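With chain A's structure known, arrange chain B on it following the hints.
Chains as they are written, first to last, in the working numbering: chain A, 378 to 656; chain B, 378 to 656.
Just so you know, the hints here were simulated from the structure itself, not pulled from any lab data.
Hints are not guaranteed to be accurate.
Identical chains blur together in the list; that is why a pair holds if it fits in one copy or across any two.
As the list claims (entries may be wrong) - Computed list of lysine to aspartate or glutamate pairs in EDC-like fashion (alpha-carbon distance at most 20 Å, straight line):
1. LYS634 with GLU503
2. LYS628 with ASP380
3. LYS628 with ASP389
Please read all numbers here as calculations on a predicted model, not as lab measurements.
2 protein chains.
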Amino acid sequence: MSDYLTEENSADTVNARMGKSTNPRLRRVMHSMVEHLHAFIKDVEPTQDEWEVAIDFLTRTGQISSDRRQEYILLSDVLGVSMLVDAINHRRPDGATENTVFGPFHVDGAPRRSMGDSISLDGKGELCLYTGRVIDLDGQPIAGATVDVWSDNADGYYDVQQPGEQPEWNNRGVFTTGADGSYRFVGIKPVSYPIPNDGPVGQMLEKVERHPWRPAHMHFLVSADGHEQIVTHIFVAGDTYLQSDAVFGVKDSLIVKYRRMPDADTPWSAEFDFVMKPV
Amino acid sequence: MSDYLTEENSADTVNARMGKSTNPRLRRVMHSMVEHLHAFIKDVEPTQDEWEVAIDFLTRTGQISSDRRQEYILLSDVLGVSMLVDAINHRRPDGATENTVFGPFHVDGAPRRSMGDSISLDGKGELCLYTGRVIDLDGQPIAGATVDVWSDNADGYYDVQQPGEQPEWNNRGVFTTGADGSYRFVGIKPVSYPIPNDGPVGQMLEKVERHPWRPAHMHFLVSADGHEQIVTHIFVAGDTYLQSDAVFGVKDSLIVKYRRMPDADTPWSAEFDFVMKPV
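So that you can see chain A by itself, here it is in the shape it has in the complex (with noise of 0.2 Å):
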């Protein structure tokens, strides 16, 4: 019998090379990525020639990535991966808002504006009125939590993506909720965009016959002491692409109705109750 690297033996014969005194959650996941690993290979069994074309594009995965991109969280994203992994870390129960995707266009420092204000500041898209309450799971409000707002502008692109082109901070702002727990705020309707696709991950993305489309969504973080933190959006009802988001953001709860409002300073309002789970 040989000890070395065969066939049937592959996996076991790596994962048997793993030293005594490796952290065991290393080896533990370690162990799992090699076992899933092999098993793929001896399913698909790749010529030479297709696990060059894997090489190569993990490579420009990586190297296509840089302070301002990062093309292997846009990977796991259209894999379903960050969906799932987000799924498995904030499982709640009945009644509690669910997460989805943070996404990369989160800024830490948004301006802090008072209830109502608007935080648009390009004057483009069909403004709205955002209204809520952040409640806990008996319905009772939460005073004091946080509720960080971001969203893209009327043409598709957040603020970041257009330094100098759109005001600093447009469409995003922290709000406080006060006693009875309810926001209130000014931004636009989102339109849906495309996830950035002249890259390696677009070239897959096509190849599969896949769109990179977001469908129109505005992003939540909301925080308060004691209870998880909810990562969320809430999206457009009626968008064409809620069915075959890119990133597999969208979930049922998540889905709101935006309203018309003829009569009132802004021509659309939605409303969403934010309901946290205790730590």
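For chain B alone, kept in the frame of chain A given last:
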């Protein structure tokens, strides 16, 4: 019932998104990859922080790669994937010489040399006479076979790793067998050396308590009309790292006893026959 991604349906939801006219082979590979990737995630349930460590590792592995360094091939090597893919693509009948990893140090266009010539040009190391035959499965000699050989020098570096320091084409040569299928050249008794371990892959090896060393070996690329090319090494019997080659390249059949030659021009000799299978 939701059509959206959940923990339960995640791989199927991602795979259902692929277009109907996608290249069937790509479709098959992507389906399998997504299934195994999601199964791995569900098995280990990474935290958000662990997911970030993985994204960072994959990104850095691409970014350190260049024209002179391919860290993703190194990753494939140390995870046993390169050897597994090679094994799958080169299943050979009993008696045929086995393949092993090609490695990154072959250079096309090495000088054609005459039988008996030395490939060692730097005067370093212990000389060794390499002899043997190229034969078919019936033991018949294969005339006109090309035997392309390369090794590190006595300091453990290939010439391309030390441009300007080593003579060009040091420890490289291409020989052609005569009517009796035999070959004969002088090289050095090669030495073990570490794979590049100053990047993400080296860091990973250290975390799982693996060393980066490869046992000493001479590379051979043997080609002949009508026969499947052999990409292999011969390993020096007794090497410290035979049981723990960092890239899992060793096979029993490729270990050769280097013999002392007290009265010859070269202090060592090594003999190996290459047995080719028809294409």
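Verification of the hints:
When the C-alpha separation of LYS634 and GLU503 is checked against a cutoff of 20 Å, the pair qualifies only within one copy, where the shortest distance is 15 Å, while the shortest distance between copies is 80 Å. Proximity of LYS628 and ASP380 under a CA criterion of 20 Å is satisfied inter-copy only: 9 Å between copies versus 49 Å inside one chain copy. For the identical chains of this complex, LYS628 and ASP389 are inter-copy neighbours only, at 16 Å across copies versus 39 Å inside a copy, given an alpha-carbon limit of 20 Å.
This entry satisfies every hint, going by the numbered hints stated previously.
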